[in-house]
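Undergrad: Sequence:
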Amino acid sequence: MKSRISFSFGHLFIPGLILLASCVSSEQQKEEVTKLVVPSPEFNQDSAYFFVNEQVELGPRVPNTANHQLAGDVIISRLEKYGAKITIQNFSATTYDGESLVLRNIMGSINPKAKKRILIATHWDTRPWASKEETDPSVPFDGANDGASGVGVLLEMARSIQTFDSLPNVGVDLLFFDGEDWGEEGGGSQDSWCLGSQYWSKNKGSYAAYYGILLDMVGGKNAKFPYEEISRKYANKILKKVWTEASKIGYGDYFIPRKEGSIADDHYYVNTIAKIPMIDIIHWEPGPGYFGDWHHTTRDDMDIIDKNTLKAVGQTVLHVIYQE
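Residue numbers 0 to 323, in numbering that gives the first Met the number 0, belong to the letters of the sequence shown in order.
In short, the hints are calculated from the structure, not lab data.
Misleading hints may appear alongside valid ones.
With a Cα cut of at most 20 Å, we get these calculated DMTMM-like pairs of lysine to aspartate or glutamate [said to hold, decoys possible]:
| # | residue 1 | residue 2 |
| --- | --- | --- |
| 1 | K240 | E228 |
| 2 | K274 | D190 |
| 3 | K115 | E323 |
Have a look at the derived ranges for each label pair, beta carbon to beta carbon [what the hints assert, rightly or not]:
| # | residue 1 | residue 2 | range |
| --- | --- | --- | --- |
| 4 | E56 | K80 | 16 to 22 Å |
| 5 | M301 | I248 | 38 to 44 Å |
| 6 | T271 | S205 | 33 to 39 Å |
| 7 | K80 | D164 | 16 to 22 Å |
Where is the CB? At the ideal position from N, CA and C, for every residue including glycine.
Given these sequences and hints, build the entire structure.
TA: Printed below as a string of structure tokens:
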């Protein structure tokens, strides 16, 4: 993705007593804050990078291709290896240009018996063509950041939780949306994008989550993640919570509390149809294109992936989950 949417004695001693009381209160508060911080797993940036590269090496994960089928199988295998309960939602969809796609949304559930659940999502498909490529917009491309980076972070989250001393107090559902990136570039219907999240939101059954976090293009060098408008509108408390926690653990240079516009992304449908408040952690570069000159071009390859960015995003989301 993406496209941008345009939305007396006593008096002598009382102060001292108050000061003393304030000092004690401050120390108590520090202790309480320390006690409230729950240890979270260490997010391994090298492992996340490996998972991103694993997807890329399969080739472009374009729906209706063998690469796409294999990439989905790899995601399922990884989730199973790390102890997640798998739910697969098979469906078909017709694209804006008349193609009939065979698609599947994949969910890996951790701590599946927990009633309170947090939904962490990304998309795993790649756009069928490098539509912003100047020389030949019909060629396929790697989709290292736009697609594979989110997959890498979610898979490393599954691995790190499975190998940690304890599960979080909440259930965690890692949802991989399909068919996100086969939309009409530069115009057309917003609904031409995000086919998997549209279908899932309309057909989720009784599934419910306290809130959701969408990851999109979360591996780029020098990435900045601002306050996106749809996230502010539907899940502002969650947005501020995540950005505050990111700053607390040292990633404030990535999570920038700067307001930007709205993005047509999977979280829109989760918010409006599924009625689950969901924010979008998404790479944003002010200027033409909003997402960088690599977006939807052949430059979206492993050369633009930064382990430090993967770490910042993955560690922040794990920290937030473990504080619930």
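Undergrad: Does each hint fit the structure? Answer for all of them.
TA: Now for the hints, and whether the structure bears them out:
1. K240 to E228: Distance ~16 Å between K240 and E228 Cα, so the pair holds.
2. K274 to D190: 17 Å, holds
3. K115 to E323: Since the Cα atoms of K115 and E323 sit roughly 9 Å apart, the hinted pair holds (cutoff 20 Å).
4. E56 to K80: 16 to 22 Å: 18 Å, holds
5. M301 to I248: 38 to 44 Å: Since M301 and I248 have Cβ atoms about 27 Å apart, the given range 38 to 44 Å is violated.
6. T271 to S205: 33 to 39 Å: Hint violated: Cβ distance 19 Å, outside 33 to 39 Å.
7. K80 to D164: 16 to 22 Å: 19 Å, holds
In this structure, the hints that do not hold are numbers 5 and 6, in rising order.
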